[in-house]
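Sequence lines, in order, name chains W and L.
Start counting the first sequence at 1; every next residue gets the next number (our numbering).
Start counting the second sequence at 1; every next residue gets the next number (our numbering).
These are computed hints drawn from the structure, not numbers from a lab.
Be a bit skeptical, because a hint or two may be false.
[Unchecked claim] Label pairs and their calculated CB-CB ranges:
| id | chain 1 | residue 1 | chain 2 | residue 2 | range |
| --- | --- | --- | --- | --- | --- |
| 1 | L | Pro-128 | W | Gly-146 | 47 to 57 Å |
| 2 | L | Pro-519 | W | His-171 | 52 to 62 Å |
| 3 | W | Asp-27 | L | Ala-159 | 22 to 32 Å |
| 4 | L | Pro-518 | W | Leu-160 | 36 to 46 Å |
| 5 | L | Pro-518 | W | Asn-174 | 29 to 39 Å |
| 6 | W | Gly-146 | L | Lys-463 | 49 to 59 Å |
| 7 | L | Arg-72 | W | Leu-160 | 30 to 40 Å |
| 8 | L | Glu-538 | W | Asp-27 | 37 to 47 Å |
| 9 | W | His-127 | L | Leu-138 | 38 to 48 Å |
| 10 | W | Thr-105 | L | Leu-138 | 52 to 62 Å |
| 11 | W | Ile-115 | L | Pro-315 | 42 to 52 Å |
Yeah, the Cβ is synthetic: ideal placement off N, Cα and C, and Gly gets one too.
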Amino acid sequence: MQSSAIETQTIVNYETEAAHGHHGHPDHRVFGVIVFLIAEAMIFLGLFTAYLTFRAVAPTWPPEGTPELELLLPGINTIILISSSFVIHNADSAIKKNDVKGLRTWFGITALMGIVFLAGQLYEYFHLEFGLKTNLFASTFYVLTGFHGLHVLFGLVLILAVLWRSRIAGHYSNTSHFGVEAAELYWHFVDVVWIVLFILLYLLK
Amino acid sequence: MTQVLQEEAKVPGQGAVPEKRNWRKYFSFSTDHKVIGIQYLVTSYFFYLVGGLLAEAVRTELATPEVDFVSRELYNGLFTVHATVMIFLWIVPAATGAFGNYLIPLIIGARDMAFPRLNAVAFWLIPPGGLLLMSSFLVGAPGSGWTSYPPLSLVTDQAGQAIWILSVLILGTSTILGALNFIVTILKMRSPGMTLNKMPLFCWAMLATSALILLSTPVLAGALILLGFDLIVGTAFFNPTGGGDPVVYQHMFWFYSHPAVYIMILPIFGLISEILPVHARKPIFGYRAIAYSSIAISFLGLIVWAHHMFTSGTPPWLRMFFMINTMVIAVPTGIKVFSWLATIWGGKLRLNTAMLFAMGFVSMFVIGGISGVMVSSAPFDLHVHDTYFVVAHLHYVLFGGSVFGIYAGTYHWFPKMTGRMVNETLGRIHFVLTFIGFNLAFLPMHKLGLEGMNRRIAEYDPKFTTLNLVCTIGSYILAVSVIPFLVNMGWSIFNGAKAPSNPWGGLTFEWLTTSPPPPENFEVDPVWTIGLYDYGTEEATEVIKAGPVLAMAAGAET
């Protein structure tokens, strides 16, 4: 750093701004979404760690008298959510080929699958034999799955927003599809979180 | 008013037309990072005064051993809200939000942050969050300390506590959105040729800070969500009577709140690393050491949280782990301090207010750092835990450190932000009063703590009366010290001498544009190959003398 002569004092004009990236470039925005998802992941990581600690410290887990969880419905739900991640990926491939119709189809199917997942979760809530305050397991169960459910809902809103905007001709194309990518990344994130949740809450005995 | 505010004429050859001052934009949803930075700065200074008044109320109560000034409940509310305001509404927004937003795009040669609208959203979460916190005094302020440890926080005033949780969640969201923006801006928007190893040290510090914010603040949100459920719905995550575990809250809380102390100090390290070489007129010593030590501090800061919990029944082997890691942080911190001292060493010091505060920072922060190494030692901590020794330590790092640094930054960049110079006489009075008041208020607390005075109490053993009175007098001097500062700022904005583009002879990019910079920051993008910290060399002197004009001429030839 010490000594360097004034070899060149170059000037870059406004016209060349695109060369070194100005705000509004898709790669910045996608990177921003990834950074945001890291923050989101940390909330879940904190909650998961809390859950595991409660579990480790408790004399018995789940606390005595907690009814066994049914696996059939949440199992089907899990399959639906995991499959939806593959479905939404097709939308990305479609828009990169400028196929807006394909984008709409795949996003539509993903949205439907998300709705089915949320409906299944609500159905499960109404048929569980424990409430939010029954015991520590029940509380963590509802708060964790509920918090995840809110994220599914938010992902659904993103997907529907993209579907709404895709009606405008030329809004999404192979060169401009940040909204599609953001919704897709978010959806994958929600999916991964669910897999961890499902293992922690349902499968881990 | 507007006539006084007419900007200086165009600097010949510079071309950029300075913007006319328009006050309304500072109250609007502006997406200009400079406006947002100043919005952050003014808002956080406002809350600094609020938090200061709360502190004066606390010190007034403690002037005598008896409970005579406020009730015990109000006292608990006062110190709780004082701490919350100072952390979430003063130091964090001022250190990261204000200087980060104002400086980062300028010093990396960008025209704005990566996400300007998100930036504005992050700022506009702060006033409602702050007012919400203040409103808790109307329903019974939260009285369980800024840590809000359960089960205490579950049994004290519930409305105030719920407001505290909501307000901290809002402020935390604002911080996370800000950090996201800083990371993307620093990594993606640097001007061409500015590699990571050439970018200003403040960028390194903000990168390390933002990573910490991103990784730790969400965990606090998780803890507060669970605490909120316990408080409002009646679950028992942290309530031992329902099978919950309050220590889990402590772990989650400190997983954020220990990194939070680095969130409050790392940006200041960055500011100091920018200010010292300019006013010492010497190249920075150990650029890479300072840069990489920020990253080291950031990483170590994430794995030492349980040193706040040595008395929470942590097993000895775990204490050992956290104790050693904590002590290791003194190494990268020491590297920074030595680099700063080596930077000042043999320099042609210019002792203006910014430099005084910067050097005051180095000396006071070292005292706080040493007491930090002391409390990091588990056997010692078991003795002084929750005593005034800890209060003394934290104020030496947060006031002697962060606040001195924010003052230094405010004086240093005031000409750039406003286009006016500050009054140095008033500035020096401000510094002297602050320095005396600060040491008088907090130095005796070390002794109070070692002798066993508990923190967070409204009444105490009469044997502590004299020292407490000294602390209280010191705190009043601190309160008075703000007056010359406010007068200086208010007067200088309107009547200060017009500031040239580069009043201090700085080499970072923000000094290459007008004071204040035009909305798009630079008429031509600043690119030069001389090192950003090559102060004092002949080439640098030449470049600084010629300034942007020379850059223009060279550019025209190419």
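Quiz prompt | CB-CB spacing for Leu-160 of chain W and Pro-518 of chain L relative to the 36 to 46 Å hint | solution = 41 Å, holds
Practice problem: May I ask you to test the hint 30 to 40 Å on the CB atoms belonging to Arg-72 of chain L and Leu-160 of chain W? | Solution: 53 Å, violated
Quiz item: Should the hint that Pro-128 of chain L and Gly-146 of chain W are 47 to 57 Å apart at their CB atoms be regarded as holding?
Solution: At 25 Å between Cβs, range violated.
Practice problem: Indicate whether the distance between the beta carbons of His-127 of chain W and Leu-138 of chain L respects the range 38 to 48 Å. | Solution: Because 43 Å falls inside the window, the suggested range holds.
Self-check item: Distance restraint evaluation - Ile-115 of chain W, Pro-315 of chain L, Cβ atoms, bounds 42 to 52 Å
Solution: 48 Å, holds
Exercise. Can you let me know if the beta-carbon spacing of Gly-146 of chain W and Lys-463 of chain L is within 49 to 59 Å?
Key: Cβ of Gly-146 of chain W to Cβ of Lys-463 of chain L: about 53 Å, so the range 49 to 59 Å holds.
Quiz prompt | Beta-carbon spacing of Asp-27 of chain W to Ala-159 of chain L - inside the hinted bounds 22 to 32 Å or not | solution = 47 Å, violated
Quiz item: Range hint 52 to 62 Å: satisfied by the CB atoms of Pro-519 of chain L and His-171 of chain W?
Solution: 29 Å, violated
Quiz item: When you take the CB atoms of Glu-538 of chain L and Asp-27 of chain W, is the distance between them in 37 to 47 Å?
Solution: At roughly 41 Å between Cβ atoms, Asp-27 of chain W and Glu-538 of chain L fall inside 37 to 47 Å, so the hint holds.
Quiz item: Thr-105 of chain W and Leu-138 of chain L, beta-carbon distance inside 52 to 62 Å?
Solution: The hinted range 52 to 62 Å holds for Thr-105 of chain W and Leu-138 of chain L, with Cβ atoms some 54 Å apart.
Quiz item: Does the Cβ distance between Pro-518 of chain L and Asn-174 of chain W fall inside 29 to 39 Å?
Solution: For Asn-174 of chain W against Pro-518 of chain L, whose Cβ atoms are near 37 Å apart, the range 29 to 39 Å holds.
Consistency note: the structure conflicts with the earlier hints numbered 1, 2, 3, 7.
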